[in-house]
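Asks: Letter by letter, the chains look like this.
Number of protein chains: 4
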Amino acid sequence: REDVDCVFLALPHGVAAEFAVPCRKAGKVVIDLSADFRVYDPEVYADFYGAAHPAPELLPDAVYGLPELHRDAIKTAGLIASPGCYPTSIILGLAPALSAGLIDSTTIVANSISGATGAGRKADASLIFPEIDENLRAYGVPKHRHLSEIEQELSLLAKHNVTISFIPHLAPLARGIQTSITAILKGEVDAEQAQQAYADFFAGEPFVLLHGQDSLPATRNVVRTNRIEIAVRVDPRTSRLLVFSVEDNLGKGAATQAVQAMNLRFDFPETEGLPL
Amino acid sequence: REDVDCVFLALPHGVAAEFAVPCRKAGKVVIDLSADFRVYDPEVYADFYGAAHPAPELLPDAVYGLPELHRDAIKTAGLIASPGCYPTSIILGLAPALSAGLIDSTTIVANSISGATGAGRKADASLIFPEIDENLRAYGVPKHRHLSEIEQELSLLAKHNVTISFIPHLAPLARGIQTSITAILKGEVDAEQAQQAYADFFAGEPFVLLHGQDSLPATRNVVRTNRIEIAVRVDPRTSRLLVFSVEDNLGKGAATQAVQAMNLRFDFPETEGLPL
Amino acid sequence: REDVDCVFLALPHGVAAEFAVPCRKAGKVVIDLSADFRVYDPEVYADFYGAAHPAPELLPDAVYGLPELHRDAIKTAGLIASPGCYPTSIILGLAPALSAGLIDSTTIVANSISGATGAGRKADASLIFPEIDENLRAYGVPKHRHLSEIEQELSLLAKHNVTISFIPHLAPLARGIQTSITAILKGEVDAEQAQQAYADFFAGEPFVLLHGQDSLPATRNVVRTNRIEIAVRVDPRTSRLLVFSVEDNLGKGAATQAVQAMNLRFDFPETEGLPL
Amino acid sequence: REDVDCVFLALPHGVAAEFAVPCRKAGKVVIDLSADFRVYDPEVYADFYGAAHPAPELLPDAVYGLPELHRDAIKTAGLIASPGCYPTSIILGLAPALSAGLIDSTTIVANSISGATGAGRKADASLIFPEIDENLRAYGVPKHRHLSEIEQELSLLAKHNVTISFIPHLAPLARGIQTSITAILKGEVDAEQAQQAYADFFAGEPFVLLHGQDSLPATRNVVRTNRIEIAVRVDPRTSRLLVFSVEDNLGKGAATQAVQAMNLRFDFPETEGLPL
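Chains as they are written, first to last, in this note's numbering: chain A, 33 to 308; chain B, 33 to 308; chain C, 33 to 308; chain D, 33 to 308.
Excised from the complex, chain A in its bound form (with noise of 0.2 angstroms):
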């Protein structure tokens, strides 16, 4: 259709590519919340999803659709690749320390709950209610999908290449992810420079919330909302940092990220319309 300026494709990730093609040649913005255009490098999208990049030509166009991370190229961007719940979860908790260079990036373990809407709405008897309700269990180890945009942000954000333990897990509820880091810090970081460099990164955002040293984010409280919740920690017995992230898969984690893109993309208020 002619008057549409903008597509969202909500699909699964091969067939998404499929239909950015004939709308990115019509010159449409694509807005696609699958993994089709979210790694850059389409030999690491064939090593994580098993076959060859379906659209090749389209990468170039793609812009990783993270705003607190690439608002100024989602704004001019042909195809917004928007990024899902585990990624927007660990990638955020990290950017601060990796670009402040607070931790050593060989010692990242990213641990991640997720509610049961992480995985889609689809007909799958692993997912009826009697199969999550009263159980929880770790899944997707050790090479989850999800690892290849992970480290390919960390990456950009660290200046050097970043490889990470990351261990999803499926709990019973329905909205909600919750993600806890630690990683080894370089040199001495007290908890007061710890808190500032992530208050100095998140300056100004919109979306995300960062806690103080007296509370720690819980899942309930960005459900239906676009808000990310941050807090950070210096564990001086291990001299580690530890880093506690949630949002709603649903939101932050997914259709409203998405709806952030557009705005910036469309000279919309970046919060117009949602949730804070």
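Among the hints, a few may not be true.
Same chains, same names: a pair is fine if it fits in one copy or spans any two.
Simulated pairs of lysine-lysine, DSSO-like, Cα-Cα distance not exceeding 30 angstroms [to be verified]:
hint	residue 1	residue 2
1	60	218
2	191	60
3	175	60
4	191	218
5	57	218
6	107	175
7	175	218
8	191	57
9	57	175
None of these hints come from the bench; they were simulated from the model.
Given the structure of chain A, go ahead and fit chains B, C and D onto it with the hints provided.
Replies: Showing chains B, C and D alone in chain A's frame:
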């Protein structure tokens, strides 16, 4: 009462010691489910529990009641300090790796997710249904009290001082605890070697179910049992060992583990009365 | 304080009246969320609450704060007795049928299922997560206190004394109440006539969503709103009317309903500040 | 296979009959958990299931497999039609009242709340965790298929045709069904008489636990058992009998009830292998 041979104490720490003293004086075997006699060093106790040890004179009598590590000592102990859910899941998860020297003990990170029964049964506004339902949060960082006993036992296994990162989380289920552990491997270790080390360590253990390389444990399978299920993986990308364990926080993580110790102490078959 | 026009009381019954007296003396409009002023007859109050009414002198001032029934009286009331979740769901569910004379009022049976927030936020061992999770039970039968106000309002609608059966149940969710009502029809009434009677009664009501004959309400759709959703069916096999209603027990069943009454009382638009 | 004496069928209705025919021809005892042989009258089956009965020639062989009602017939039956969770909870809840003539059978209203396992284990988008979690809804009104077998059995008990109102609900738990029943009393009946009628009817039943006048059943106490718990009350305000029953929809409501029937049929002790 004269005809009682064995007393179980399920009391808050501090209070438990008050009851243990007269019981021991009367010659009873005491199985204590509090933290009072789990830490052998009263200074470590004071550091983590913020008060002088309430009955240090009983400590020489006490054995850490984890049958898989201290079976012989339990058989003759006067005071058995039965461990709780977090320590059991972490210590048993790491015991094979540390005793076989597979990992660099300075790089251990343990993340645990617990159901609500882990907090005990008390009238507390933070434990009511609407506070826990549909919510995920980390808490008790960076120096959870149970680290005192965890690091004591890990140090005994490693034969040197071990300090670890431990992050507990609360999730909306009643019973079940899931622990994920990562540590950097010392030298080349492949999946087969790691699996073998764990199989050797737990050979013949009636209450440890070791998964193979094709499945990961889920809490639902251990509810209402005294079983701990463990899986081990090698991540070649990050040269890390990954360990996963699950148990029922009221079973192997508390009540039935204490019964297992009693069986040992009084020469009953170790599995007597306990659900496999 | 002199510059306050309106006081909300969210206190236990008995206590609320103590605070209402001085507020009324000072000329404030009181919106009370307790049961103290919902029952106009102090003898009925004494029968159901087991104590003499704490402030009968205020009863002539009081209006039962259900806007769909008493909108005009609320606009000038000194004391608005805002109803809770069970009464709202049952009274609004039956109001069209009783005022249109569709049913035999001696045959009314109401079954309600409530989430845990219906019990309020208090440190009570019967409300902790493991007591409510994975559990269903009826309670408070056969003479639940709220029957006093429910039967008062139903009697006003029917223009004769109405006595009903009411069975409340507790289910493992935080927010949401679902009510199912049956009653034997007076004479021949078909689905279309029943639907029309309900549509007529609720015409123009901003917070009542009446389902058609092809869907039934579900609590999840009303969480965090001031909406009540209602469906009506005719069962020709048993000559009964069936009514279904859902609401958020903290929304239309409590807090936002009180705000709706305040809007009416102070000439704000009725929907001001309230989520539709 | 020649050495098989008994075949359990856990298949959808319609399909079960296809398998039952050859099994019966080969002389096997069939215990069928579908609805195919629960309704003795093929016309009623056609009315409720929308298709001609798939094997009416087997109906004379079939016994409704509720041991508390048909114990002797089950002992010699060729085909045992094992009932599901809703019918078991309602029929056993009403059996003492109907056989003692306590209630007016035209006034029976049954409301049931079921956990998600009641819907079976299938990949269905309406059964995934986020659809059931934090939600309550009624469904299947006014003519749920199970009414055909419920009314058949109630009519046998009452010795006249009985038609009832039945409203099933779905709640966010995995296992457990709770049923609340009301009916108007015939003449004067007090609590003691009602309690006695229920105690007499269920005397000696190994899997029925009758509560006294001071407690109501909760589903959590019957999970993973073959027990049904029942309580009875008299409401003098409305001259109604109230009955409450709970069971595990996979236990007494399905699998273990079928085993109870097999025990009877093959002269094992009735409680063999079944959790009390």
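Asks: Against each hint, give a clear statement of whether it holds in the structure.
Replies: Structure-based check of all given hints:
Taking the shortest Cα distances, residue 60 and residue 218 never come within 30 angstroms of each other, neither inside one copy (45 angstroms) nor across copies (52 angstroms). For the homomeric pair residue 191 and residue 60, neither the shortest alpha-carbon distance inside one copy (33 angstroms) nor that between copies (64 angstroms) is at most 30 angstroms. Taking CA atoms no more than 30 angstroms apart as the test, residue 175 paired with residue 60 passes in neither setting, with 34 angstroms inside one copy and 51 angstroms between copies. For the identical chains of this complex, residue 191 and residue 218 are neighbours both inside a copy (16 angstroms) and across copies (27 angstroms), given an alpha-carbon limit of 30 angstroms.
Taking the shortest Cα distances, residue 57 and residue 218 never come within 30 angstroms of each other, neither inside one copy (48 angstroms) nor across copies (53 angstroms). In this assembly of identical chains, residue 107 and residue 175 lie within 30 angstroms of each other by CA distance neither inside one copy nor across copies; the values are 32 angstroms within and 44 angstroms between. Within a single copy, residue 175 and residue 218 get their C-alpha atoms as close as 26 angstroms, and across copies as close as 20 angstroms, so both meet the 30 angstroms cut-off. For a Cα distance limit of 30 angstroms, the shortest separation of residue 191 from residue 57 qualifies neither inside one copy, at 34 angstroms, nor across copies, at 65 angstroms.
Proximity of residue 57 and residue 175 under a CA criterion of 30 angstroms is satisfied in neither setting, with 34 angstroms inside one chain copy and 54 angstroms between copies.
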